[in-house]
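Those sequence lines, one after another, are chains A and B. Going letter by letter, the first sequence gives residues 1 to 227 in my numbering. Going letter by letter, the second sequence gives residues 1 to 227 in my numbering.
In short, the hints are calculated from the structure, not lab data. Hints are supplied without guarantee of correctness; some may be wrong.
Identical copies look the same in the list; a pair holds intra-copy or inter-copy alike.
[To be verified] In silico EDC-like pairs for lysine to aspartate or glutamate, Cα to Cα no more than 20 Å straight-line:
{"no.": "1", "residue 1": "Lys-10", "residue 2": "Glu-30"}
{"no.": "2", "residue 1": "Lys-213", "residue 2": "Asp-9"}
{"no.": "3", "residue 1": "Lys-196", "residue 2": "Asp-171"}
{"no.": "4", "residue 1": "Lys-2", "residue 2": "Asp-44"}
{"no.": "5", "residue 1": "Lys-2", "residue 2": "Glu-89"}
For reference, the chains in residue letters:
Protein chains: 2
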Amino acid sequence: MKIAVVVYDKMTALDALGPYAVMAMLPGREISFVAAKAGPVVDDCGALAVTATRTFDDYRDPEIVIVPGGFVTRRMSIVGDPCIEWLREVHPRTQWTTSVCTGALLLGAAGLLKGLRATTHWVAYDELAAFGADPDHERVIVHPERRIITAAGVSAGIDMGLRLAQELAGDRVAQRIQLGMEYDPQPPFDAGSPLKAPPDLVEEMRTTLAESKRRLLADLTPKAAEN
Amino acid sequence: MKIAVVVYDKMTALDALGPYAVMAMLPGREISFVAAKAGPVVDDCGALAVTATRTFDDYRDPEIVIVPGGFVTRRMSIVGDPCIEWLREVHPRTQWTTSVCTGALLLGAAGLLKGLRATTHWVAYDELAAFGADPDHERVIVHPERRIITAAGVSAGIDMGLRLAQELAGDRVAQRIQLGMEYDPQPPFDAGSPLKAPPDLVEEMRTTLAESKRRLLADLTPKAAEN
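Next comes chain A alone, as it looks inside the complex (with noise of 0.2 Å):
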């Protein structure tokens, strides 16, 4: 099972390595980090470095893709990206093409989501919309008919990454995975999605990221900033 996990520059790292670690316990995979150049990727806490060990170029048949996302999909998605075009070319011939968080957006701009009910982080709706998805909130939304999986924001990656599991290896096999990684999650707080946690901190949350967008976007064209 050729799995191809998609890094970029200004990633959010959980995004893929929360799934990659459930598929690292998957028996006979074969997992690459592939970007648009072979090399160590940096992520958008500026931290962490990845070594993307194949390209774009040179990886054609994955079969499992995975996309995380970050903040700056929204510059890409609207400037484009390797990875875009890369999408496109791959995902008629991969078993499933997945997406964790705003990774979504590049799905979308892709054209992969058309007339699809997808998922991103919860402050990305409307842009998914954009892309021609209707978005919805629901931590993972698997479409087999068009081998599609979209998984809410950062750490919805794991749930998405079982249910990938689950769906290439059975029950049994995702289930000594989560029994392996010890997946039995106890959140010190219940505030892990907009509809749960205080509303006052969504609402300051809404507002940082509404205008953190407007800064990365400023120097677009007005008609380029408006997809």
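Dock chain B against the given chain A, drawing on the hints supplied.
What follows is chain B alone, placed relative to chain A:
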């Protein structure tokens, strides 16, 4: 807040990168990946290379230390490893010294868990007890008086990270991080703990891991392997 995430070859990546993902969202953090030497380390799956940016020799004053686990810790904690000596030296000056999964065996080998209730991956309770700790089946165990936090297997590092964020910056900041990473877990099965997974699966995994451990330690002297 100077945060050191210990990395080493054959670590389990998510043990380190789960709590890292939480700390990455902490205001004022300065995170380094620290190892015996700078440069890439490769995880236990063999596919992920993470770059260590600092060394044990040059980093003597972290305020927070995060130690991941991996199957190889059984060997490291018996035959010795530079990380163990470093933990012993820096711990008296840290604000918190923490472990995820079998990272606890490295804290144990450094003598930091003597007489302390602590946790680790569920297959490693006996090995933890060998270092004078009192293993307990809890997801995260916090000891303010000893400035030590231990977490259960692999994915428990995310819950540990949030508890740590709460200790460092209060409830509101920890909730903001949880909402930012949309940590509202919904695993497809309830199989993430040996108390919940199918009993035959638990036994199967115990047997497999015991055999792997036997192979890992086969070339040690009988006396050392008893520890």
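Evaluated hints:
no. : hint              : in the structure
1   : Lys-10 - Glu-30   : between (25 Å within a copy, 17 Å between copies)
2   : Lys-213 - Asp-9   : within (17 Å within a copy, 38 Å between copies)
3   : Lys-196 - Asp-171 : between (29 Å within a copy, 15 Å between copies)
4   : Lys-2 - Asp-44    : between (27 Å within a copy, 18 Å between copies)
5   : Lys-2 - Glu-89    : within (16 Å within a copy, 43 Å between copies)
Taken one by one, the earlier hints all hold for this structure without exception.
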